[in-house]
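Assemble the whole structure, with the sequences as input and the hints as a guide.
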Amino acid sequence: MNVKNKIYNLVILKSKIKKEKTDMKDSDDLIYDLGLGSLSLVELIVDIECEFDIEIDEDDIEQIYKFGDLVNYVTEKVNFR
Amino acid sequence: MLIKKGNIMNKIEKVLKTQAKLGYWPGFTMAMYPSQFAYDPINVDFEKIWSDRNEVNLYYHIPFCKKICPYCGFFTIAQSDKDYIIKYVDKINEQMKVYSGYFHNKGLIKSICFGGGTPNYAPLEAYYRIFNTLNTINIDLDDKLEPSMEISPELVDEEYILGLNKVGIKRISLGVQSLDLDLRKTINRDNNYNLLQLVEVMRKYDMNINIDVINGIVGQTPKLFMKTLERLMEFKPETISIYPLAGKESSILKKDNNTMTNKEKYDLFRVLHDYLLEEGYYCESNVKFVLKNQTSTHQQKIYEYQGIDTLGLGCAARSYNYHTHYSVEERFNPTMRKSLLDEYISKDFRNLKYYGIHMNEQERKCRFAIYGIFIGCVDMNKYFKQFKSSFKTDFAVHVEAILNLGYVRETQNNELIITKEGRVYTDLICTQFWSDKVKELYKNTDKTGVK
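Going down the list, the protein sequences come from chains W and U. Heads up: the first sequence begins at 1 in the UniProt record's numbering, then just goes up one per residue. Heads up: the second sequence begins at 1 in the UniProt record's numbering, then just goes up one per residue.
Please note that a few of the clues may not be correct.
[To be verified] Cβ pair distances, simulated, as ranges:
(1) W:Glu76 x U:Lys385: 53 to 63 Å
(2) U:Glu361 x W:Glu20: 32 to 42 Å
(3) U:Lys439 x W:Cys50: 14 to 24 Å
(4) U:Phe74 x W:Cys50: 25 to 35 Å
(5) U:Glu361 x W:Ile17: 28 to 38 Å
(6) U:Lys236 x W:Lys66: 49 to 59 Å
(7) W:Glu51 x U:Thr393: 21 to 31 Å
(8) U:Asp348 x W:Ile17: 41 to 51 Å
(9) U:Asp140 x W:Cys50: 48 to 58 Å
[To be verified] Below, a sample of chain W positions facing chain U; criterion: calculated Cβ distance under 8 Å:
(10) Leu39
(11) Ser40
(12) Val42
(13) Ile54
(14) Glu58
Bear in mind the hints are in silico, worked out from the structure with no lab data behind them. Predicted model only: the values in this text are computed from it and were never measured. Glycine included, C-beta positions come from ideal geometry on N, C-alpha and C.
As structure tokens, this is what we get:
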């Protein structure tokens with residue numbers, strides 16, 4: 001399973017708005033379009049860190065608003081691990 | 001267990017570490033457990049649930065205010081009709097008379113607290129009537145009783161304090177919030193009083209003093225907050241309570257440049273903690289510091305942590321009974337407050353509509369853990385005695401996590417003692433001890449409590 005699919009599965013577990021994989025857009029806002037709150041966002045970060053064995057920097061998280069940003073960030077981290 | 005390369009870290013430890021790293025704060029949800037978002041409409045069998053209870057805290061809710069402060073999320077109403085207030089108080093007394101017939105073996109009142117609202121907005125007559133009722137019904141008052149009242153300093157004078165002293169109030173909790181004049185304006189507070197003069201009057205009548213201060217006011221910097229604390233040291237109140245302005249979860253992503261971030265608040269706590277300890281206080285909880293070598297404190301909370309039930313009297317007062325937690329409160333619909341008050345005054349309290357939760361063994365265990373952490377000591381022997389099971393078995397992953405993170409240390413007496421870092425992150429730690437049911441309910445609220 002590629003990074004994007006894995007992240008989709010993790011996001012959908014936490015989000016209030018259950019979008020089909022084909023409906024999920026890179027431009028979807030994690031909060032406004034996918035219904036993640038602060039608590040579920042923290043849980044998502046923990047899940048992603050565990051799944052991909054990476055550390056997400058606290059400063060970086062403030063720059064990640066969209067689903068696509070998250071996929072790109074994690075892909076980069078995984079590739080440079 | 002979650003396996004992380006190089007070391008083993010359980011999921012709770014990982015979550016707590018990440019929450020601290022990102023500056024997450026769940027909201028001020030720890031003052032009671034389960035919090036109100038877990039409440040549903042319920043039927044309450046008042047006689048049955050109180051008939052095996054003997055020691056009781058009394059909380060009187062006096063919801064009246066001169067004006068409503070923008071930051072206040074409590075059940076309050078601007079009401080200047082003194083006759084209406086007296087009618088309300090008479091109803092409270094009726095309610096108390098009924099309850100006094102339910103307690104096991106003549107109830108023993110361990111603490112009395114008047115909160116609001118602005119209790120000192122009620123005429124003194126209200127308190128004469130309340131204490132007169134308490135002195136004539138079939139209950140005992142504990143020898144160590146320190147009746148306490150929340151007071152708005154802008155609305156009190158010497159005559160009123162003398163009157164409170166006469167009825168038996170021994171502790172005044174002053175809602176100062178901040179001593180910075182500009183910040184006070186932003187939270188709609190008047191600057192018409194001299195705190196030191198007021199303190200002098202209260203000392204004259206042997207009143208113990210608590211000062212409430214708020215952090216997180218728009219425009220408040222850590223430096224401004226510390227200035228207020230420094231000024232309080234001029235008279236050393238017996239207790240200082242420090243509450244966050246917003247009782248709501250705050251975002252980790254968005255930052256308002258005029259308010260402290262959660263990380264700044266966590267750092268501020270470290271600074272004020274050390275400062276107050278140097279000034280002769282000890283940290284009773286992450287929101288309360290108590291002056292050493294004296295006994296005055298917020299008795300209700302301490303006794304609640306020890307497992308004593310609280311009976312809430314008045315409209316929207318919450319009761320924390322061993323079997324059931326309940327309230328008539330519908331706080332998230334402020335437009336209903338006046339009609340709820342009218343209904344409270346006109347009906348028998350037993351016929352009102354209640355919200356709450358029936359406590360089961362799992363929720364009691366969680367409450368034990370959370371209150372232990374909040375107060376700084378989880379007594380695992382006491383837990384075993386109460387639940388006939390091991391704390392370390394029931395909360396194995398939690399205990400491992402908070403020990404590994406240095407948030408608690410274990411003593412030879414089988415206690416977990418919270419550390420300074422544990423105090424910093426008390427709210428985060430406590431959410432990890434919520435039951436699965438309460439966690440799920442929290443996720444399904446919009447963090448103002450609405451499901």
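Each hint tested on the structure:
1. At about 54 Å, the CB distance of W:Glu76 to U:Lys385 agrees with the hint of 53 to 63 Å.
2. The hint said 32 to 42 Å for the Cβ distance between U:Glu361 and W:Glu20, and at roughly 41 Å that hint holds.
3. Checking the proposed 14 to 24 Å range against U:Lys439 and W:Cys50 shows it holds: the Cβ atoms sit about 19 Å from each other.
4. Remark: the range hint 25 to 35 Å for U:Phe74 to W:Cys50 is contradicted by a beta-carbon distance near 40 Å.
5. For the hinted restraint 28 to 38 Å between U:Glu361 and W:Ile17, the CB-CB distance of approximately 36 Å keeps it satisfied.
6. Separation of U:Lys236 from W:Lys66 is about 52 Å and conforms to the stated range, judged on CB atoms against 49 to 59 Å.
7. Separation of W:Glu51 from U:Thr393 is about 29 Å and conforms to the stated range, judged on CB atoms against 21 to 31 Å.
8. The beta-carbon spacing between U:Asp348 and W:Ile17, approximately 45 Å, falls within the hinted interval of 41 to 51 Å.
9. About 56 Å separates the C-beta atoms of U:Asp140 and W:Cys50, a value consistent with the hinted range of 48 to 58 Å.
10. Of the supplied interface hints, the one on W:Leu39 holds, with its beta-carbon coming within about 7 Å of a beta-carbon of chain U, less than 8 Å.
11. At a threshold of 8 Å, the smallest CB-CB gap from W:Ser40 to chain U is about 7 Å, leaving the interface hint in force.
12. Residue-level restraint check for W:Val42 holds (minimum Cβ-Cβ distance to chain U is 5 Å; threshold 8 Å).
13. Checking W:Ile54 against chain U: minimum C-beta separation of about 10 Å lies over 8 Å; hint violated.
14. Checking W:Glu58 against chain U: minimum C-beta separation of about 5 Å stays under 8 Å; hint holds.
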